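Asker: These are the residues of each chain, in order.
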Amino acid sequence: MTAVRSSTPAIPLSRTPSPGRTAEGGWHRTLRRFRRNPLSVLGALIVAFFVLVALLAPFLAHPTERNPFMIPHTGYASDPHPPGPGHPFGTTEEQFDLYYGVVWGTRTAFVVALSVVATAVAVALVLGSISGYYGGPLDELVMRVTDIFLAFPGLILAVVIVAVLGQSVRNAVIAIAVVEWPSYTRLLRGEFLRVRDMEYVQAAQALGGGDLHIITRHVIPNTIYPMLILASLNMGGIVITFAALSFLGLGAPIGYADWGQLISLSHNWIVGTAGDPFTFWYTLIVPGTAIFLFVLGWNLLGDAFRDVFDPRLQGSR
Amino acid sequence: MTGFILRRLLLLPFVALGVSVLIFSLLQFLTPAMRASLYIHDPKQLNALPDIIRKYHLDQPAYVQYWDWLTQVAHGDLGWSETAREPVADAIRGYFPATLELGVYSFACILALGIWLGTQSAVHKDRLLDHISRFTSISGASLPTFVWGLLLLMVFYGHFGWFPPDRLSLAAGLAVRSPAFHPYTGLMTVDALLNGQWWIFWDALRHLVLPVATLTYFLTAVLVRITRSSMLETLRTDYVRTARAKGLAQRTVVDKHARRNALIPVITLAGLLFVGLLAGVVITETVFNYPGIGRWGVNASQQLDIPAVTGFALIFSGLLVLGNLCADVLYALVDPRIRLQ
Amino acid sequence: MRTVTWIKRAAVLAVTVAVITSLGAPTVRGAGEAVKNPDTFVELQFGDVVSLDPALAYDIYSSEPIWPNVYETLIMYSGSSLDKFQPMLATEVPSLANRLISADGLTYTFPIRKGVHFHDGSVMTPGDAVYSIRRFLLQDQAGGPAWLLLSPLLGVDSTRDDSGKIQIAFADVARAVSAQGDNVVFRLKKPFAPFLTIVAAWTFVMPRAWAVAHGDWDGDPGTWQRYNNPKTEDRYAFDHMNGTGPFTLERWDRQAKEVTLARHDGYWRRPASLQRVVVRSVPEFATRRLALQQGDADLVVASLNQRSQLLGLPGTVVQDNLPQIAVQTLQFNFKINTEANPDVGSGRLDGGGIPSDFFADVHVRRGFAYAFDYAGNLGGAYAGKGVIPHGPIVQGLLGFDPTVPVYTTSREKAVAEFKEAMGGKLWETGFKFTIPYTAGNTARQTGAQIVKDTVGALNPKFQIEFRPVPSSTLISLLLAHKGTMYFLGWFADYPDPHDFAQPFLSANGYFPVRSGYRNPEADRLVDAAVGTADPAKRKALYKQLSMISYNDLPCLFLIQPVTYYTMRSWVHGWYYNPIFWGQYFYTLSKR
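Protein chains in written order, with the working numbering: chain G, 1 to 317; chain U, 1001 to 1341; chain D, 2001 to 2591.
If you are wondering where the hints come from, they were derived from the structure by calculation, not from laboratory data. Please note: incorrect hints may appear among the correct ones.
[Stated by the list, open to error] With a straight-line cut-off of 20 Å between C-alpha atoms, the simulated EDC-like cross-links for lysine to aspartate or glutamate are:
1. Lys-2419/D <-> Asp-2361/D
2. Lys-2231/D <-> Glu-1233/U
3. Lys-2432/D <-> Asp-276/G
4. Lys-1055/U <-> Asp-2157/D
5. Lys-1044/U <-> Asp-2157/D
6. Lys-1055/U <-> Asp-2234/D
7. Lys-1044/U <-> Glu-2521/D
8. Lys-2461/D <-> Asp-197/G
9. Lys-2231/D <-> Asp-1068/U
10. Lys-2482/D <-> Asp-1068/U
[As the list claims (entries may be wrong)] Which residues of chain G face chain D? A few of them, derived with a C-beta cut under 7 Å, are:
11. His-28
12. Thr-74
13. His-81
14. Tyr-134
15. Gly-136
16. Asn-171
17. Gly-249
18. Pro-253
19. Ile-254
20. Asp-276
Just so you know, these numbers come straight off a predicted model, no measurement behind them. Backbone N, C-alpha and C define an ideal beta-carbon position, used for all residues, glycine too.
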């Protein structure tokens, strides 16, 4: 695959038109390709829906506690109650309102996932760029460190970190970020290696541009797309890992508006009563659907990004 | 090639050292009382805390404890796991075959299903089958494992009574622990066959159905995606176009030419997938009460059983390095264009 | 071509389906009344055995197989009674009437039964009993139960002092418990009313020869110090058992988390009905319940908030409302260590925190006591299962007195008390603090929520939060005296009021040590009440102690819980005694 310098800087360098074809207006083509695939559109719609819910949370469900992320509950009876007046989705164990939990849980999901991604990307930008750009022994060191972290089973590392630091949403975010940063760093480093030797970078160096200037203005913008793909595919996985931590009692505290926490509460009720195994179906189905759709949306979106931006699929349509 | 393998194997002790340092450095965040809580099983034992701290040297700084552990390991003793109530080495030796068995069966199912689905998906790109298979595999990764597991348990065990949790039924368990039964490998299905006990083999298999189904549903998504994209890439290449132009049947094109080359990245992934299985098995084992290394590892982490966590992490990281090595070697063998530097 | 492909695919699918259903088919069963596994009893609970060594185990999950199923004691509780005993390994229950208790209450003589065989076939002698009890006293593992006998026999709580040095002499032990002819004789230093009940629950007998043959202490005065404070794994008896009970240990599979017991055919009474007993730990409730439904489990232990999912299962019976000699409390910390403490806010009485002696003010404590919603806690956190206690002496114990007053929810009284608190300043300044509670414990979380809601409703300046912490952190907080209020429970070691009065009210009791509560009058009364054998006198003294507890308010007594077990209806012979740590399998049968 030869790298041909594109005439329009707006087109990401990774998308190189094969010789003999004209480069159409880049974004139009991207968008059209995106629109053609119904699954991509579905993914985008789902994510857009959740973004809307997250932004409008205070209006959709009025917070009553000092901390709006704590779900209000009426009374202390432990058995869940089915959907009814005042509780459109029913209540889970200890009368936590499921509707409130799901709405504010959307915010929690975004906050957690974005925090983790932001932290991982920040670390990756620093370490990956140093490692990829300068190479040599620095690169070796960073790679060995990522090796060690990647050699550790992810969930176990997260569990140990939260167990040590104490159960809280913040510590769970730290723990998951510690688990995720090596993948981002490696990806960014790979991209840096690829881009470093490209002609325009060498040209910039010849023109006397400083390292930092080159990295920030030329290299990083053109390596962002694989990160975008990884991040969007990761968003769902992070939420699931967070749910797993809640299941193990190491994620959000009980009563916190978090889908994973709500599902982990439901597992006490999953077999229902004697006559009817589905008595408490809503404790599982309601937060479960939320988590399912959220992750589904991001997975589809991430897939779509990959299909659209991945150079190897160039010319397939 | 040999040089490459040797250099990779040299990684093992380095990674092991790094992992153990990482874990012990977390000790900085723990007070001696928190570490002593591992030995407190009932609140009434609280009075003994200072005694316990003194007895197990828990008030020593982290580097002193690390050095103690290191010297102990140098003598071949991985320490005692309080959560497992037996030496760490014994615990690992006991739990690992169970997880291995679960992993191997899941791995086989994931490979078969993933490659088949991915291939079909690529060949029938953007048609109904493609959408269905992509949707199914993605949806499989969109819910937490324990939810799927419990749902399966509820339907297939609670309602129908077909596939129970645990590893063996009561009767089979007793038979396996009797002196007449020789445990050759620790894998129940294999051992049952080697002992000629068909009913134990069926019993073990029955208990594996749900955990394997849970794991398969999850990790198939990744494999389908990779297979599909790799297959797509291959199908667009020149030599495939040539084959088609020559008038070869679709089946031949796909099976004989495309698939082999499309499988190259799959092999890389398969190596990682296997070790990823061993990690992802944690929650599955908890839900189905399956006595494997994942369930033990999480318990140990939750209770801050440091020797156990360290021992577990060492084995795991060793496996991962070896897994990566195998994948790389396989990659090199399959694709003559690759040269391992 | 395509048709052939589809036929092929259909065939593959059909074969797969056939294989899978054939795997599942043998187990399809209806509600089925036929007894499953008639010789084997399966109990599913959710805690792990820590150690099977009777001298070292001090948690309920280890104690279940140990007593009274594999090891036995000198005397035993009679049926479901907590104060009537029957002879067990001794042939008579000592009393003043039969002179086996000396008139001054300092000497107890137990004539030992003859012809009792241990599981390895050897015959039990008084020497074995003496060896076992001395071993119990002298091994004294940190966190073990040795103090229960050390305290009455030797007057100390540990063989080691605070710096770890041995503080008792073998001669004292030899004098305290010795063999004389066919008897085992105990000599106490001071009269101790509950001594018989402690003997009934804690004097396990194992064979000396077997222990010595496997590396344990040989009973020699010169060597005992080497065996003191062992690590769990150091003893052969950790995972091997050899007692006189109706069951032997067949196997402890630590990976399957399962203890398997087998019938002891040489039992000194009629052998048990059950051939085999399996006790397995299954943390996941859904799995436990499904096993019960399928008949794979005969008895299932579950927590109170899961009870509704166990009612009415076909073929099962719920043994409900089983009283427990236990109490759940909310402790005040009288002297909070405010250094680097995230839960006390500013650490001063300025509306943004609490000072170290916040709970030392009785008006503050009374305010909390009147504000708390006891009925709501009982109904919400404990599903209505239990009773409100009248102080530390709970129902079922000698000295329980329903006329002892309790604090009832009263908003006006709470407001009045808070207005007087801290010299009248508290109402204006307000306060703020956090309650740490054991993560995952929903009952305690509900309790914390109730405190926050009820007290917070009195005055907007009263800000209470609560946070879950792992038990390791809670233990750390307890040791450092950093917690503000603690949700702590207490389960009986033996069914005597002393086992409750002392831990709650004595200066060196379990709770006052943590909270800083002191009352010398209470100390005096506790000592007096344990030193006399006269039940009437003891009742009067414990009534006084209950009143002290009411007035001093060292903690809130939230609930005396009840428990329940769910079992298949083919289980017969089950009976309940609150002092049993688990099930007594000897009387059980499956029909």
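Asker: All the hints need checking, so say for each whether the structure fits it.
Answerer: Checked hints:
1. Using a Cα cut-off of 20 Å, the hinted pair Lys-2419/D and Asp-2361/D holds, with the two alpha carbons roughly 12 Å apart.
2. For the given pair, Lys-2231/D sits about 61 Å from Glu-1233/U by alpha-carbon distance, which is inconsistent with the 20 Å threshold.
3. Proximity of Lys-2432/D to Asp-276/G is assessed by CA-CA distance (about 46 Å); at most 20 Å being required, the pair is judged violated.
4. For the hint pairing Lys-1055/U with Asp-2157/D, the CA-to-CA distance comes to about 18 Å; that is within 20 Å, so the pair holds.
5. For a cut-off of 20 Å, the pair hint linking Lys-1044/U to Asp-2157/D stands: about 13 Å separates their Cα positions.
6. Between the alpha carbons of Lys-1055/U and Asp-2234/D the distance comes to roughly 13 Å, so the proposed pair stays at or under 20 Å and holds.
7. Proximity of Lys-1044/U to Glu-2521/D is assessed by CA-CA distance (about 25 Å); at most 20 Å being required, the pair is judged violated.
8. Of the pairs offered as hints, the one joining Lys-2461/D and Asp-197/G is violated, with about 65 Å between alpha carbons and a cut-off of 20 Å exceeded.
9. Between the alpha carbons of Lys-2231/D and Asp-1068/U the distance comes to roughly 17 Å, so the proposed pair stays at or under 20 Å and holds.
10. Proposed proximity of Lys-2482/D and Asp-1068/U is contradicted: the alpha carbons are some 31 Å apart, above 20 Å.
11. At about 39 Å, the closest approach between the beta carbon of His-28/G and any beta carbon in chain D exceeds 7 Å, and the interface hint on this residue is violated.
12. Evaluation of the Thr-74/G hint against chain D yields a violated restraint, the C-beta minimum of about 11 Å exceeding 7 Å.
13. With its C-beta approaching chain D no nearer than about 12 Å, His-81/G sits outside the 7 Å limit, and its interface hint is violated.
14. With 7 Å as the threshold, the beta carbon of Tyr-134/G stays out of range of chain D, its nearest partner Cβ sitting at about 42 Å, so the hint is violated.
15. For Gly-136/G, the suggested interface contact is broken, since its CB lies about 44 Å from the closest CB of chain D, more than 7 Å.
16. Annotation: Asn-171/G was flagged as interfacial toward chain D, and the flag is violated, the nearest CB pair being 11 Å apart, outside 7 Å.
17. Among the interface hints, the one on Gly-249/G holds; its C-beta lies about 5 Å from the nearest C-beta in chain D, closer than the 7 Å criterion.
18. Residue-level restraint check for Pro-253/G holds (minimum Cβ-Cβ distance to chain D is 5 Å; threshold 7 Å).
19. Checking Ile-254/G against chain D by beta carbon gives a least distance of about 6 Å; that is within 7 Å, so the hint holds.
20. The beta carbon of Asp-276/G is not positioned within 7 Å of any beta carbon in chain D (closest approach about 10 Å), and the interface hint is therefore violated.
Checked against the numbered hints given earlier, this structure breaks hints 2, 3, 7, 8, 10, 11, 12, 13, 14, 15, 16, 20; the rest are met.
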